[in-house]
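Chains as they are written, first to last, in my numbering: chain A, 1 to 329; chain B, 330 to 886.
FYI, nobody ran anything at the bench for these hints, they're computed from the structure.
Where hints are given, some of them may not hold.
[Claimed, not checked] Straight line, CA to CA, 27 Å or less: simulated BS3-like cross-link-like pairs of lysine-lysine:
1) LYS190/A - LYS570/B
2) LYS486/B - LYS804/B
3) LYS570/B - LYS162/A
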Amino acid sequence: MARYLSKKILIYAITFFLAVTLNFVIPRMMPGDPIQSLVSRFQIMEGGSEILERQLILLFNLDEPLIVQYFNYWKSIFTGDFGISIMQFPRPVTEIINKAIIYDIILLVPATILSWIVGNKLGAFSGVNKKADNVLMPIFYFLTSSPYFWLAGVVSFFLGVKLGLFPISGAYSVSMVPGFNWPFIVDYFKHWFLPFLSIFLVELGGWAIGMRNMIIYERSSNYSRYMEALGASDKMIRKYGFRNGVLPQVTGLALRIAGIIGGAITVETVFNYPGLGRMMLNSVLNQDYFLLQGIFLAVVVMALVANFLVDIVYMFIDPRVRHSFAGEV
Amino acid sequence: MKFFKNSFLVILLLLALSLVAFAQEINRKEAIVTTGAMWGPPSTWNILLPSPTPGTGGLVYETLFSYNPIRNEFRPWLAESGEWISDNEYVVKLRKGIKWTDGEDFNAEDLVFTYEIARNNDVFYSPIWEWMSSVVALDNYTVKFTFSEPHYAEWDKELYTRYIIPEHIWSKVPSNQLISISNANPVGTGPYMYYAPQQDRMIWVRNENWWGNDVFGKPKPKYIIDLVSQSNHITMGLLMKGELDVCNNFIAGAGRIKDAFRLNTWYDDEPYMLSWNTANLYMNTLRKPMDDPAFRRALAFAIDTDVIVGRVYGGMVTKANPTGLFGEGWLEYLAEDVVEEYGFYYDPDKAAAMLDEAGYIDRDGDGYRDMPDGSPIALKIMVPSGWTDWEESIRVIARSAEAVGVNIIPDFPDQSLFDNNRFTRNFDMMIGNFVSTLSANPFDYWNGVANRNIHGERISNGNWGSYDNPELFRKIQEFNITKDEAVKQELAAEIQKTLLIDMPTIPLWHNGLWCLTTNHNWTNWPNEHNPYGLAVCWGNAYQLGMIDVLINIEPAN
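The following block holds chain A by itself, in its conformation from the complex (with noise of 0.2 Å):
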């Protein structure tokens, strides 16, 4: 057991490193420079923008050396000061960072949490029943083919422009201001719920598709024949059958999880949803190295834990890994 983390912390040791690495040198080879480009915007009195190009340099430090630089943002994250956004000064990145990952949150864990559980269900049932599944797998295979901004889009046109159903922008109205109230959450929900149902369809679809093969793969094998073979009844067939083919399921989901954050960014920009996302497209074309940098480490951090906590699940629900690390087997 503690052979197994202390291998997993190290392997997630050195993802943490390369990453952080190149969220730091990414941005940075992006051709321009983004104070040259925020104060060339204003049209001041002459030598005013040499004067405010001077200071910001300063201030955020772009004069020392990169490699200065670099040390400087490995201090700043195990500060957690990730400096100043450019794009939104002066607010600190980590300000910004911790009031648009709670969109984030609400919207992604619910859709992948749910997205996986439904498509393993569906999957499960599609694999067993063939009317059904000569339905349900073209209905899959569209879902997980679907682009996250195509199925965004389709959705808010049909749901949101066509029947009115659902707001297609924001994530509040605009006339609302958030608080703890119940119109403030109703509010919320509605406008939650494009996005999240984008990202759950076009997830659902894989899982499902995934489940089917892995059902249809147990049925096959050999213990299945077997019980068979002793009477046992179909559901409890099933129920084995699922218990087995959902393993890969889960490790599936580890792999996913850095994939669908990568969706939330399109669907997030389709609903001009203020997550992570969406900013993370702002602070790209406003060449925002800091708030890139922080919004980088963030996402990077969120796939890492989720990725943790499936691997630590994984231990439990598969008592071979357990085993196996603590050479037993």
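Chain B: place on chain A using the hints.
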């Protein structure tokens, strides 16, 4: 399975409830909802930065004068009056009885402080001290400005763009934090106050004790909700549903759909919008063949701007005056006889003849003209990627050029790369409207397109093509420091003539003051028939007429 069932039920329940219960915190009838000014979450209300959250200047902080671009008229705002008492002394009398929103009196000390802070620290308007020598309070409500070299033209702009800040608050801010504080909940003198910033909007609340209530009238909306700009389809959706009252975003084709969706524009017909800036074609005069005025001028005759105006913009912009000038303040100095004689117009045959004459002919038979020495001409023209109207416009320009045998290839770098290329002269041609925004004085335009600071490592104040003409630069500066109207008119004519002959930039079209309004919640919007103000929420533009709009609109029934 149980977990799945439960969570699904909870969500269904929430959704069901959400369809029933709906209530709003702010009464929509009391609020005006605007968009088009903000491109990111509101983050700073620090007026010592050139672009704080839009509204900080104008709604909270106020200027000495306001400027009405339609009537070309300065109106005393915080000032009661202001005048040049000698060639280099300007005296401002302030209105009495104005209070900051924290209850302190507004007086001469605040005005003096606003400039002193720029002398003692580095802020973006500190360079004014290169030509100003002192700012002194003569009494509690009178301030005298003395200039070492009075820049009359720049001073005009100063009067309606410099926001006056409270001494009793800003004097306590340490010097090294002047630009880094966010200054949330700013204390100003203006008609609105900070209410609530959100990720995607800024909400302002009316200042019930505004001094202007008795002078100009009381603004009608209790709240201003300014939304961060969103994609076009979302903005259109909001407009159609009447959730948006003012939209200052460019909406392609708005002219054609305005009647169907009952949107108001300034003009009933084309161009629908007032002009806001001049889009110029900048040519890098350090590269061949753009170093040749004959080539540049020939190109001006080759471009079919009507196609850009009609097809790309659907008639929502106007073809530029050949001098680039527009708006009442600038047109006062338009030299019509110069335009008559030297102005350009679309005439591809003439352009071809001019190019022939200058020696640019097709020598290798590939269909494109070559340099006089035989080397091929292949030029790139750039605009930022994603600016779709501009992208389409440079395609039109490339086709126009092709028709006269000049090979120009459209190029769409990312905005930051575009900016970088622009600063470092790393381009052949580009479109720019950055230093040509509506103002009271044409000096601002000339000082932009023909700025004299072109010899540094980077160019940051305009004249991106490094057009070098010390004689012209001198005249432009002369215009800035001359009070004599006759001399100014003369200088203006000479400047325009030089710009038309040498053609460092080709003025193409005047971008509009994009403004669509709806009548769902508010009526009596200004338009060509009732031009009492300008519905523009762009940063630092509130004092150009938006305050009048806030006062004069009427609640819809």
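Hints not upheld, ascending by number
Of the numbered hints given earlier, the structure breaks none, since each of them holds.
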